[in-house]
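2 protein chains.
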Amino acid sequence: MTDISTLGEFGLIKHLTKNVKLHNTQTIKGIGDDAAVLNLKEKHTVITTDLLTEGVHFDLSYVPLMHLGYKAVVVNLSDVYAMNAKPLQITVSIAVSNRFTLEAIDEIYKGINLACENYNVDLVGGDTTSSVSGLIISITAIGIANKEDIVYRSGAKINDLICVSGDLGAAYAGLQLLEREKHVYEATPEFQPELDGYEYILQRQLKPEARKDIIELLSKNNIAPTSMIDVSDGVSSEILHICDKSNCGSVIYEDKLPIANQTRDFAKELLIDPTTFALNGGEDYELLFTISQNNYEKASKIPEITIIGHITEVEKSSSLIARDGTEVRLQAQGWNALKG
Amino acid sequence: MTDISTLGEFGLIKHLTKNVKLHNTQTIKGIGDDAAVLNLKEKHTVITTDLLTEGVHFDLSYVPLMHLGYKAVVVNLSDVYAMNAKPLQITVSIAVSNRFTLEAIDEIYKGINLACENYNVDLVGGDTTSSVSGLIISITAIGIANKEDIVYRSGAKINDLICVSGDLGAAYAGLQLLEREKHVYEATPEFQPELDGYEYILQRQLKPEARKDIIELLSKNNIAPTSMIDVSDGVSSEILHICDKSNCGSVIYEDKLPIANQTRDFAKELLIDPTTFALNGGEDYELLFTISQNNYEKASKIPEITIIGHITEVEKSSSLIARDGTEVRLQAQGWNALKG
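Chains as they are written, first to last, in my numbering: chain D, -19 to 320; chain E, -19 to 320.
Think of the hints as simulated: they come from the structure by calculation, not from any bench. Please note that a few of the clues may not be correct.
Stated by the list, open to error - Here are the simulated lysine to any residue pairs, SDA-like style, with alpha carbons at most 20 Å apart:
#1 23/D - 180/E
#2 127/D - 23/E
#3 23/E - 251/D
#4 23/E - 125/D
As the list claims (entries may be wrong) - Partial list, computed: chain E residues near chain D (C-beta under 8 Å):
#5 22
#6 25
#7 30
#8 36
#9 40
#10 41
#11 44
#12 73
#13 104
#14 110
#15 113
#16 120
#17 122
#18 202
Predicted model, so just to flag it, every value in this text is computed and none were measured. Idealized CB from N, CA, C, for every residue including glycine.
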């Protein structure tokens, strides 16, 4: 008998999907990217799904239910944007144990409906049922794109520039802060949590947004990414995905990594290198993408985008050039939901 | 605070979805049918999803994991067929606790892959993660149909004939048998379960099939159903759904209800009226549909289809004419996954 945790999430997925066969010409891209691509005439349809379970993906002792509903939608939309597609519909399935009241479920749906409103997406179906223990949320998102606009993980070319939107590591910093305050509270309930000055990293953890604006900015500036992925498991892990699918290597520069001040401050408080947060912290939901060098000027004028490195030949492995000039091999620490 | 169980599944769904707004012209039909319908040019796309949780939807003490995987796919495909559409793709999300080995998950996927093979459907994505306790399976299915071929719950007309495929109540009988043998086994582990002679009802419970053949037969015989639904919660409940959405009443005849011999035999063993199994037993995954009276001759020649009643005016409520001629008001007992 093999314990699942020995494989890790990606190993398990690889194992489970190796025998999957495709039968229909309408299936352009199945497992292996942020979303599957289906050719349902004229426009291509993309579909993606995520399953969130209590105690693994969220801790209701500090996650407000409304934020949870909002985030559950956003993480799926993020996958659709990562295909350079426009999300149109979602389905939502929820299982709850009998410790949840109707009012609690209403709060979750308030968040879901708000996300639908903000992103102009239709909730078109789902399932509501009970669970023996805990809360489970499963969401599927569907989007469309012109065939020629869809961006896969596999399109990065040698010398392409590696770009990332927003900043990195803040959501993970927020999670660490919440965990710390939870432990303090458990030990001494009379203490009030100290969250002042850390609003940004908390918001990044509790109410992330999908980067719809980046997709629109790229389109407006006529920049077609050659490959793209959303940052859900940490930027190290995502770069390695792109390199794996695009059959190339990469170099990124530590001093280029965009890190917010609050993320740096909190990392210092914990005596952790902020770069660790930026590289391996999950749930940023930023877009990581590659562009042709021809687009350097256009991209460098967009403040929401940072160029952090470039694509290299396949023989060269993926590495980080540290501030002191030393070269460190990039590893996918990532966030492993199967270790729980 | 309101306890969820006081609303029942349909009440909760109604409650949760009453504020759902649609934003996109591509959304033809959202919540409220077996599947959502999306106009993604030329063909319409249908999408449906189901969430199965251990201890509520299945009991692993007698459900083989491979059958569970198979059934989890089939119940979704059944919803696609109930729209008169052809399923093309599914996504599968699974959460498992650490008591599951890789081999156990492999068994589930064997069943999933077999169903994909048998129904010519592509597994195109999903999510694999851990749960704090128990097994959770969430599947989304996508299908296509010509716009004019899609059959909703809302199209039944007065005097239409009510038809059902196959036979009713067998899956529920199979579940009762499995539950009985489980209790016997728990009390006296040296006894072997007595399942001989009940292979059919066991198969109907453990390895149901979606009625792809009925959709094809209807098409071949040029019969366009006016409304359709799949029988997942019991035929009473499904008829009431059609009447509700089509704004009409119905009469069905007890002596017309198709019930298999094994279902009758097992009901007698339990001293239960087989009609109760047929009306209120869930998980048959047969198709219940209405057809114009013009199609009476054609339909009556198809052995897989039974005409069990007809549609009446909205003022008349839905009723069952019993064998002795008495009229009984039809009620949705159904199977309530929220009572768990």
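In rising order, the numbers of the hints this structure does not comply with: 1, 3, 9, 10, 11, 18
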